[in-house]
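Colleague: Here is how the chains run, residue by residue.
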Amino acid sequence: MEHLLESLGRNMFGIFGLMALGGAALMVASKSAVHSVLAFLFAMLSVAGCFLSLEAEFLGVAQILVYAGGIVVLFLFVVMLVEISKFKQKEQQAVFHSQSRIALVAVIAGIGAFAGIFRNALFGPTSPEALVLRPELARGLDVAKQNAQAVSRGLFADYLLPFEILSVILLVALVGAVVLAKSERV
Amino acid sequence: MASLNSVLLISFALFSIGVAGVLIRRNALVILMSVELMLNAANLNFIAFARHSGSASGQAFALLVMGFAAAEVAVGLALVVALYRRRDTVQVDDINLLKG
Numbered sequence: 002m003e004h005l006l007e008s009l010g011r012n013m014f015g016i017f018g019l020m021a022l023g024g025a026a027l028m029v030a031s032k033s034a035v036h037s038v039l040a041f042l043f044a045m046l047s048v049a050g051c052f053l054s055l056e057a058e059f060l061g062v063a064q065i066l067v068y069a070g071g072i073v074v075l076f077l078f079v080v081m082l083v084e085i086s087k088f089k090q091k092e093q094q095a096v097f098h099s100q101s102r103i104a105l106v107a108v109i110a111g112i113g114a115f116a117g118i119f120r121n122a123l124f125g126p127t128s129p130e131a132l133v134l135r136p137e138l139a140r141g142l143d144v145a146k147q148n149a150q151a152v153s154r155g156l157f158a159d160y161l162l163p164f165e166i167l168s169v170i171l172l173v174a175l176v177g178a179v180v181l182a183k184s185e186r187v
Numbered sequence: 002m003a004s005l006n007s008v009l010l011i012s013f014a015l016f017s018i019g020v021a022g023v024l025i026r027r028n029a030l031v032i033l034m035s036v037e038l039m040l041n042a043a044n045l046n047f048i049a050f051a052r053h054s055g056s057a058s059g060q061a062f063a064l065l066v067m068g069f070a071a072a073e074v075a076v077g078l079a080l081v082v083a084l085y086r087r088r089d090t091v092q093v094d095d096i097n098l099l100k101g
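First to last, the protein sequences are chains V and U.
If you want the numbering used here, it's the 1-based position in the first sequence plus 1.
If you want the numbering used here, it's the 1-based position in the second sequence plus 1.
Simulated from the structure, these hints should not be mistaken for laboratory data.
Don't be surprised by glycine CBs; every beta carbon is placed ideally from N, CA and C.
Careful, some of the hints might be misleading.
[What the hints assert, rightly or not] Pair ranges (Cβ atoms, derived):
{"id": "1", "chain 1": "V", "residue 1": "K32", "chain 2": "U", "residue 2": "S54", "range": "40 to 50 Å"}
{"id": "2", "chain 1": "V", "residue 1": "G71", "chain 2": "U", "residue 2": "R86", "range": "43 to 53 Å"}
{"id": "3", "chain 1": "U", "residue 1": "R88", "chain 2": "V", "residue 2": "A158", "range": "43 to 53 Å"}
{"id": "4", "chain 1": "V", "residue 1": "A114", "chain 2": "U", "residue 2": "S54", "range": "45 to 55 Å"}
{"id": "5", "chain 1": "U", "residue 1": "D95", "chain 2": "V", "residue 2": "F157", "range": "29 to 39 Å"}
{"id": "6", "chain 1": "V", "residue 1": "L162", "chain 2": "U", "residue 2": "R86", "range": "16 to 26 Å"}
{"id": "7", "chain 1": "V", "residue 1": "G70", "chain 2": "U", "residue 2": "R87", "range": "25 to 35 Å"}
{"id": "8", "chain 1": "U", "residue 1": "R88", "chain 2": "V", "residue 2": "G23", "range": "29 to 39 Å"}
{"id": "9", "chain 1": "U", "residue 1": "S54", "chain 2": "V", "residue 2": "P163", "range": "15 to 25 Å"}
{"id": "10", "chain 1": "V", "residue 1": "V62", "chain 2": "U", "residue 2": "R88", "range": "47 to 57 Å"}
Based on the sequences and whatever the hints tell you, model everything.
Modeller: Below is the structure:
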């Protein structure tokens, strides 16, 4: 039992990663948009688990707050607004795009090309040494109470200008969303 | 502890699923969600490299990407709602006004 728990703890990232992949595949494949949103929520929570297992605690919690708390609710809101009233007569329409076969073949060919190009770098014997996560380098990110400190130092000391630009982008997006979504005659 | 390669492979698979979703789905909402998925794959890469190099810059940038994703969702959903008001559809096959 302890052995099982220990191996579970060691492979936490892989478990969460596979869960994220499953949720993402379900999101793309499911017919109903509401099911799609729920699978998206599952995938985002799994990605948050991946962040936590990579010792990015602040970002994991921020991911849960932003996605599960904000974006998924927004998506569900719009799905309810847009889909439900038209659901009955739209149901017989095709889910996938008319040229989806070509697109799928293109994606699979791209994956194959990627695997072919980077096969040596990823799996080959000539791969460079530094391919394992090195805990002795990540000491600054190691402890939970230091992670937020490290992120805030990066955000407010090193990258203050991108942070301020992001705030302007958010303001512009807010105004743009209101202008786009308001009714025609006001 | 997960190796950097496994993190990169999972992030690549997430990104591929996102690309496939953008290319093969007809529903504009699902396309927006697939774009979110691709941004999350990029975030996963940022965090993996931050963990690998021991500096917090990658995590700071991942936070910036998250804010950017929120702005993108707000504008995208507003576009979808405006489109639904005007054309009564959210299927991208039906939006062919600019088709030659």
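Colleague: Work down the list of hints and note, for each, if the structure agrees.
Modeller: How the hints compare with the structure:
1. V:K32 <-> U:S54: 40 to 50 Å: Holds - the Cβ-Cβ distance for V:K32 and U:S54, about 43 Å, lies within 40 to 50 Å.
2. V:G71 <-> U:R86: 43 to 53 Å: violated (23 Å)
3. U:R88 <-> V:A158: 43 to 53 Å: holds (48 Å)
4. V:A114 <-> U:S54: 45 to 55 Å: violated (28 Å)
5. U:D95 <-> V:F157: 29 to 39 Å: violated (46 Å)
6. V:L162 <-> U:R86: 16 to 26 Å: violated (38 Å)
7. V:G70 <-> U:R87: 25 to 35 Å: holds (30 Å)
8. U:R88 <-> V:G23: 29 to 39 Å: holds (34 Å)
9. U:S54 <-> V:P163: 15 to 25 Å: holds (19 Å)
10. V:V62 <-> U:R88: 47 to 57 Å: violated (39 Å)
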